[in-house]
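Trainee: With the sequences and hints as input, model every part of the structure.
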Amino acid sequence: MTFVETTIFGGITVGAFLLIVAALFVTLAVMMLYRAILGPTNQDRVLAVNVLGTNTVVILALLGAALGEPWFLDIALVYALLNFLMSIAISKFTVERGGVI
Amino acid sequence: MTSIIAPTVIQSVGITPLEVALFVFILITAVLTALFRDVLAAIVIFAAYSLGLAVVYTFYRAPDVGLTEAAIGAGVTTVFLLLTIAKTTRPPTDELFEPINWPAVAVCGLFALVVGSTLTAFPAVGDPNSPILTNPEVTGYYLENAYDETGAKNAVTSVLAAYRGFDTFGEAVVVFAAGIASLLVLGREVFTA
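So the sequences go chain by chain: D and X.
Under the numbering used here, the first sequence has 30 at position 30, and the numbering climbs by one with no breaks.
Take any residue in the second sequence, count from 1 to its spot, add 1000: that is its number in the numbering used here.
Hints listed in this document are in silico derivations from the structure and should not be mistaken for laboratory results.
The reader is advised that the hints may include incorrect statements.
As the list claims (entries may be wrong) - Not the full set, but computed from the structure, chain X residues with beta-carbon under 7 Å of chain D:
# : residue
1 : PRO1017
2 : LEU1022
3 : PHE1025
4 : ALA1041
5 : LEU1051
6 : VAL1055
7 : LEU1082
Said to hold, decoys possible - Straight-line C-alpha distance at most 25 Å; calculated SDA-like pairs for lysine to any residue:
#  : chain 1 : residue 1 : chain 2 : residue 2
8  : X       : LYS1153   : D       : PRO70
9  : X       : LYS1153   : X       : PHE1169
10 : X       : LYS1087   : D       : ASP44
Where a beta carbon is used, it is the ideal one built from N, C-alpha and C, also for glycine.
Mentor: Have a look at this one:
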């Protein structure tokens, strides 16, 4: 029996618990859309999407642990990098118009 | 003693709360991308949509598709769209949302209904009895002989890079040509260090 299959409470295994936590994080991401939609300025939206990306890294790490697929972490790393790139690109675009790259 | 959503159950049956939350997220971001009046806001929300989609691909154990979606959808497309509005004009607006074109919504809804009506013909996700998994002549052949014939450990990789290698090569040529064309249109070397 691996760690993920260990029962913690109420018949719920560690893996299932991690999955539930991941689902809660996705719910958090949906709520983050509130700021992305209404955010009075585009800077608010960029920040919201940045938080979403960070959230996604956490979700992927949780999923990787829960499902026993360590390569999920590779994708989480790519995410973290891309998230940064996207924010930088949009910020640069806002500050100096046209200077995206 | 069975847990509600054990990993083994997930692969064969229905939809988990995680998938529901992901689908809601993707649906909201997709609709918002279409609705936003300001193009920059639409681009930002589109990036969020792409991130959500990549998580879904990863969850369904398609890491290569998930990586591509994250890199192309969230990364490169965002930068290209930003370049596009940098080279053109971005009309200033006071309104948050585009006025909705209801006839277009009706046509899209009808199309979605027609496509959705075929959904019942699909096997369940991860169903071991689905025709594509039980077919011995095609799937069975690749699973048995892929490693001996190509040396690639992953069956999907062996199909992509060996069995249909010329097709993949053609795709690579198309992507390369698109990259060259983009560089020419932008009129400068973007990728110099």
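Trainee: Against each hint, give a clear statement of whether it holds in the structure.
Mentor: Do the hints match the structure? See the list:
Checking X:PRO1017 against chain D by beta carbon gives a least distance of about 4 Å; that is within 7 Å, so the hint holds. For X:LEU1022, the interface hint holds, the least distance from its beta-carbon to any beta-carbon of chain D being 6 Å, beneath 7 Å. Taking 7 Å as the C-beta contact cut-off toward chain D, the hint placing X:PHE1025 at the interface holds, the least distance being around 5 Å. With 7 Å as the threshold, the beta carbon of X:ALA1041 comes within range of chain D, its nearest partner Cβ sitting at about 6 Å, so the hint holds.
The interface hint given for X:LEU1051 holds, since its Cβ lies 5 Å from the closest Cβ of chain D, which is under the 7 Å cut-off. Restraint check, X:VAL1055 versus chain D: the minimum CB separation of about 6 Å is within 7 Å; hint holds. The criterion of a C-beta within 7 Å of any C-beta in chain D is met by X:LEU1082, whose closest approach is roughly 5 Å, and the hint holds. The straight-line distance between the Cα atoms of X:LYS1153 and D:PRO70 is roughly 18 Å, inside the 25 Å bound, and the hint therefore holds.
For the proposed pair X:LYS1153 and X:PHE1169, the alpha carbon gap of about 20 Å is at most 25 Å, so the pair holds. A hinted pair counts as satisfied when its Cα atoms are at most 25 Å apart, and X:LYS1087 with D:ASP44 qualifies at roughly 24 Å.
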